[in-house]
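Q: Residue numbers (the UniProt record's numbering), protein chains in the order written: chain W, 1 to 386; chain R, 1 to 292.
Any given hint could turn out to be false.
Stated by the list, open to error - A few chain R residues that face chain W, going by a derived Cβ cut-off under 8 Å, partial list only: (1) Met-92; (2) Gly-100; (3) Ala-213.
What the hints assert, rightly or not - With a cut-off of at most 20 Å between alpha-carbon atoms, the simulated EDC-like pairs for lysine to aspartate or glutamate come out as follows: (4) W:Lys-283 / R:Asp-265; (5) W:Lys-147 / W:Asp-237; (6) R:Lys-256 / W:Glu-366; (7) W:Lys-7 / W:Glu-366.
These are computed hints drawn from the structure, not numbers from a lab.
Glycine included, C-beta positions come from ideal geometry on N, C-alpha and C.
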Amino acid sequence: MTMKQEKKRIYLRAALGLIALLAVLLALDNLSFVPSMLLTVLRKGAIYALVAVSMNLLNGFTGLFSLGQAGFMLLGAYTYAILTIPAASQKSIYQRYANGGIGFSIPELLSKPLGGFGLLLGVIFCLILAGCIAALFAFLIGLPVLKLKSDYLAIATLGFAEIIRAAVVYEGFGPLTNGSNLLYGFTSFSNFNITLGGFTLHLETVMPFLFSGICIAIILLLINSTYGRAFKAIRDDEIAAEAMGINLASHKRMSFIISSFFAGISGAMLAMYQASVQATTFKSSMTYEILLIVVIGGIGSVSGSIIASFLFIASSEWLLRFLDNETWIGGFRVPLLRSGFRMVVFSVIIMAVVLFFRKGIMGDRELFQKKPASAAKAAKKEVRSK
Amino acid sequence: MAAKFLPYLLAGISVGGQYALIAIGYTMVYGILRLINFAHGDIFTVAGFLMVYATASLPLTVSIPLVIAATVLLGIAVEKVAYKPLRTAPRMSVMISAIGMSYLLQNLMWYVTGGLAKQYPALPWISDTVTVLGCQTKRVTVITPFLVIVLVAALVTLIQKTKIGMAMRAASRDFETAQLMGIKINNVISFTFAVGSFLAAIGSMMYFSNYTAVTPTVGAMPGLKAFVAAVFGGIGSIPGAVIGGFLIGICESLIKGAGATTFSDAFTFALLIVVLAVKPTGLFSENLTEKV
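Chain R on its own, in the form it takes in the complex (with noise of 0.2 Å):
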């Protein structure tokens, strides 16, 4: 039984990390602008594709951070382009634009790519195989977790302990009187969504050293999950956005063990139905906000 269930669950740890860096993305950006970004599914998509053309012509000690400075540069320009112009229309406006741009993205890389799945490289080390307590898996399975938590307690020191993470708190807590203090909020919330790309640009790696293929809208799905785990972990609580991703994604590989694939997805927003009918304001959330 353990046996059978255990390839599962080391799958569902991996996936889950995966999942959480990107909902970190998702609860950042949603804590300072009330805005899901729905195109972040797509940032994290446009990482896959441009490692796989970066690895195509240069080595990797130079794909890898080109990939992760393009990623944090697209990040930073879709929220110039598209919700900077709308600060102060209404919130169904900006997810209006939010879904358009998710739209432009995925077309745009349809495009480039022609329609085709693009297969990723085989990063060395993480890549190989290995196997852990009898079963063979990837090393990434086993590196995901320990490399989410080694990134979000950065991130959690970055924002406890610096200006600009004082800056977030500060715009997260209260956007205009954190302007009338003096706080860029610009810059502030491209910092944000900065910070958001760089996990997604992560995110990706991890994520499509296991699952290769790579297609325009591949990332969608994992997009809409991500921010199911960081509503159910308590919308803008990067510890919760954490333990929502590795619930949703154990959850989810176990389903998928226990034989009913098909329903995977399905618990995912029946999960979230659940979350915001008992407790909407998540696991971890700080203050009341207005969900429901």
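Excised from the complex, chain W in its bound form (with noise of 0.2 Å):
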């Protein structure tokens, strides 16, 4: 079989692979006995596997250790927000700003001739420009800290997701960012759902599948191609890397605007599930959630970080919520478990991840990998020489 009839068919089951999900998500979605706990963590979880996914692409393919994601998921929230509120209710949302809002909104122009598919075509058309923002920032950001070494970099990125953060709630961008005050009423996944004479069919958990998916297919593909192999050599090693004639500085640019994209994607698109956007949930902690996630899923493997942000997610929404109320088992309370000690308890479980299992869940392979031509070679040759 060729190299080219082998990638067909591979794209090929991915393809039918995806197509099944969404099928399942679609059962699950419309299935009136499903626990609606399991569906918030599918949601935010996809949300969560791709900006997982766009931190492991510059931290664990690339080697650079950013800690602005939080930052960028910011600006592509911000940007969806701005761009989809309905023009009719920007007044009431707008209220402490005179001229507040941009006056029209991307879908609603869409879906006007169009009807529901023009919504889609507005939603993923402000999705794309979401990432483009992250994507433009993170090249002038990128310009003066790139050239930073490893804790200097996450240093730099990370005061400059705080900058940002400042920066949106900032009078002067009131009439724009709305200040401090909330975003809401824009298009949500719930906008999707389609309703046909009395019978509604929800798409609610079917939609973020659907936009994570395809992201992290193109993450995949480049991951796959030349280029990730660029950022893999500079990873292991960047004065090889140089010498192989790898241009250092274009390829970590590249890496840094790519991941800042797809963060800024997930970011719109966690505005989108959560319905409304303020600033101050982009702190910090989100970042380094996402880089826990990353670690526990293994640094240097997708498919590893998104079994860890399905985990993460399903921990700390659902499986672990038990710890946070007042258990009694007959006229005994158990000790302990009282609000605020889930999250106690998920961080000494992290923190064992980090300390013993350094390795995460799936180290650097993938689910579904092939060996490496190469290492069977090599196992062969070992057994053949005992």
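Assemble the dimeric complex from its two separately framed chains, guided by the hints.
A: Now the structure itself:
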């Protein structure tokens, strides 16, 4: 079988897998007995999976330790929200600012002539634009920052995320960002539900998976391309990579911009999921959480990041919830259980992973990964020499 | 004009002194382990909470030394738990461990306190109101810079004149060689964390006497700013950290005074970028380090 045929088969399988997954989700979305918590976990998990993979692209595959993810998510979320708030409700949302809002809404403009398809088109356009704004800022920030090494890069990007967060709530930008107030009322995932004569087809879980799935597929294609190999070479040894003719500066910049682009999209999707945006939610602790997801999944493993984000969201939103509630067994009050204990247990688990299982769930392997040819050969040789 | 800015200048000097005390902890740890101790800002916050709880039941004469001792022990414990097992691990793992530790401490504080802001106790004498050059302020504002200078002088003497200080200098110059020369590196590191936490505890007393609301995440920002101060002064250099701390505190406070409160945090990080771009070794760095 030639390489091309094999590649074709892999893509076909991936596409079929994604479609099957979406079909299952569609069923989950519309069956009434499915616990709503499961749907919450799936939706949020899909969004976190995208941002974790985008961080992994930077930290795990290119070896650039950046902590700016929350800032880029914030840019994406705000861009998306500003562009999609319906023109009619802008006046009441921006009530503190006389000329608040942009006066139009892209999905609205497109859905008038095109109906539901226009809405989808508008949302996709706004998502891409959200990513582009994040990417643009990444380009600007990257100019001075990407020269820095490991921990300095981390602090500088963390600082930039904080600057962005402070700038967004600045009164001067109020007419655009609504200052420190909420932005809400924009197109969210529930707007995609299709109502046909009394019956509503829910798509609230399908859409985030669809968007995330496409984005992650693009990142995967990138990682497996020559660019991806160049990124890995930079991670493994900068000097050797440079000697091989890889342009360090341009590849680092590219990785940073692409990662931020997808962080921006995931920020916009988070806004869609939450149905409201406020700058205070995009704190540095958000970046830390995403970083810890990447670490738990395995630095340098896309499938690891995806698994870890669902695990992380499931345990923090759902499975460990009982730790937060006071529990009585007969007359005995179970000690320690009260509000906040969940996060303590959670961070202890994370510390245990960081200290004792440094490779995370997947290490740097992937799910469904074929053994590389060279490794198989080496294994054969070893057998022969025995 | 001067009368308008004087209160901000005074506040800036005071908060700068507090940044300086925290920054010393960063700079000393970084000097030896090449590690940004992300949990340092949280240790500072824990010291604040400990004080709140200690003074609730104990007299001040007992609670102050108790809080300092507990903070020092916490600093040592954090090192033993989170950093010591990773001595030979890649730098990124240690940094992730530091972030994890910070996350753990914050969540732990949230759990213990219930997430509510606690009122820091008013310490007698230093929380009193005094009038300096016609503007009212707390006495802590006035004494902080002097206290910082005294503590730094003591610390510099310790590092220059004593045996453990010599061991610390040796370890920060060359970790492996120092080990080969028979320096018990783990003791030196523990001692470094102890000194850093001690200064953080003092800093927290000064800081929270001014800003009396203690919340689990209150230390994150001063922590990051103190780190910037350490970088600005040249990481590994104690006088550098002190000057950096004062400078950042004063600038930040004056920016607030000029009415641009939103950008006072932004200034600090912009300064970090500029310093790293223009003079990556900082103001007072002794030897070249690999930051850029």
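Q: Lys-256 (chain R) and Glu-366 (chain W): Cα distance at most 20 Å?
A: violated (50 Å)
Q: Hint check: Lys-147 (chain W) vs Asp-237 (chain W), CA-CA at most 20 Å. Holds or violated?
A: holds (16 Å)
Q: So, as I understand it, the hint says Ala-213 (chain R) touches chain W; can you test that by seeing if any CB pair is closer than 8 Å?
A: Constraint on Ala-213 (chain R) not satisfied, violated at 16 Å.
Q: Taking the closest Cβ pair, is Gly-100 (chain R) under 8 Å from chain W?
A: With a minimum Cβ separation of about 5 Å from chain W (threshold 8 Å), the hint on Gly-100 (chain R) holds.
Q: Do the alpha carbons of Lys-7 (chain W) and Glu-366 (chain W) lie within 20 Å of each other, as the hint requires?
A: Distance ~17 Å between Lys-7 (chain W) and Glu-366 (chain W) Cα, so the pair holds.
Q: Below or equal to 20 Å on CA atoms is what counts here, so check Lys-283 (chain W) against Asp-265 (chain R).
A: holds (14 Å)
Q: Given Met-92 (chain R) was flagged as interface, is its beta-carbon under 8 Å from a beta-carbon of chain W?
A: With a minimum Cβ separation of about 6 Å from chain W (threshold 8 Å), the hint on Met-92 (chain R) holds.
The structure fails to meet hints 3, 6 from the earlier list, while all remaining hints are met.
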